[in-house]
Amino acid sequence: MLTVLALASVVLLGIVPEQSQAITIYTGWERHALVGSDIRLSCSFFSWRWTSDDVTFSWTYRPDGSRDSISIFHYTGGEAYVDNKGPFRDRVEFVGNPGRRDGSILIKNLDFNDNGTFTCDAKNPPDIVGRPSSVRLLVFEKLPIQAGVITGAIIGVVLGLLVLIVVIYYLMRFLVARRVFSLSVSKHGKKKKEGSQQRQGPAPPADPSKVKAAASEKKKQESRKDKK
Amino acid sequence: MLAILGGIFVLHIAAIILLLVATIDNAWWVTDTMSTDIWGRWMKMGGVWNFTDLPTGSHYPQDYLQAVQATSVLACIFSFIALFVFIIQLFTLPKGQKFIISGALQLLACLFIMIAASIYTDRFHINETDGSYGHSFILAWIAFGLTFFSAIIYIVLRKK
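From first to last, the protein sequence lines stand for chains A and B.
The first sequence begins at 1 in the UniProt record's numbering and counts up one residue at a time.
The second sequence begins at 1 in the UniProt record's numbering and counts up one residue at a time.
Extracted from the complex, chain A is given alone in its bound form:
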């Protein structure tokens, strides 16, 4: 039993180093933004090793329809280096936290020329083997409403109205029944004080139009007559 366990742990330890060399990088898939607004492109990674002091983040940009990409951001040795010559000069800001494996950047004052693919590459020495991850940026003049939102809104509103109608109906019934009951109890109390047996016919209900109220009134009248 112990030998089996020892063998298994040795095998696992042999497999894990293979896996631990791969770093996985996460960015969004697609981002939508309005012209003139700012957008935060997030990038984080997962690595089996502890976050080293030599961790690096690199962002490159490839315009839509072009095959070349240019580098717009690089973080290394504890220093962030932003684009100072290219299309994003003075518009890129580092808002990430390398200690928390976050290498996000903020791009300010977007324009239609910024449509394209942004690729984040992170390295955590000795974990350097990994696949860079890309996020596609789409800049709109007016944000389009997504496909299913309006449909879902209509469905939600109709169902909500139905639930509201049911709740109001039961609430009305409950309130009216309570009001009638309390009124009839007070009337019964008054009559007992006078000690009379004048009321033989049906007593006037609180709301003559509500048939149910009259029915419950009658029931209570009959139960009171039975008690008498």
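Source of the hints: derived by calculation from the structure; they are not laboratory data.
Mixed in with the good hints, there may be bad ones.
Claimed, not checked - With the Cβ distance kept under 7 Å, some of the chain B side facing chain A (calculated, not the full set): (1) Met43; (2) Gln66; (3) Leu74.
Glycine is no exception: its CB is placed at the ideal position from the N, C-alpha and C atoms.
Given the coordinates of chain A, work out where chain B should sit on it, guided by the hints.
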């Protein structure tokens, strides 16, 4: 009594199935190479069926499309709720009473699928020469008839 109950139940389930197929399956309008609907469009390109988005334009009004989507989904939902309410009312309704609430809900479902099918008939594919209405469209209209019939039965039937 039991036979009638079984028949009504089967009718309701059939109506629900027809509504679901009409809503979910993308086949309101078909041609040789295309099968399109309220959610997306299947196009046969190079022998392979691909699922693409519906076109946006004046001949495909977006607001009417969303109305058709919403009302057909609501029809399915209301028919489901009517079935549950019918089963509940079977046990809780006092004798001699009618299944009014289930009938009302089923009638609502009938109304909604009628709205969906009518809007689709009136606003989409009015000038197209190629193609014909697909099975989802036909089932939507059949479901309208079935739900109406089922609702009438609920409203007329008395519990024994």
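Status of each hint after checking the structure:
1. Checking B/Met43 against chain A by beta carbon gives a least distance of about 18 Å; that is not within 7 Å, so the hint is violated.
2. Interface hint at B/Gln66: satisfied, since its Cβ lies 5 Å from the closest Cβ of chain A, which is below the 7 Å cut-off.
3. A least Cβ separation of about 6 Å between B/Leu74 and chain A falls short of the 7 Å threshold, and the interface hint therefore holds.
Of the numbered hints stated above, the single one contradicted by the structure is hint 1.
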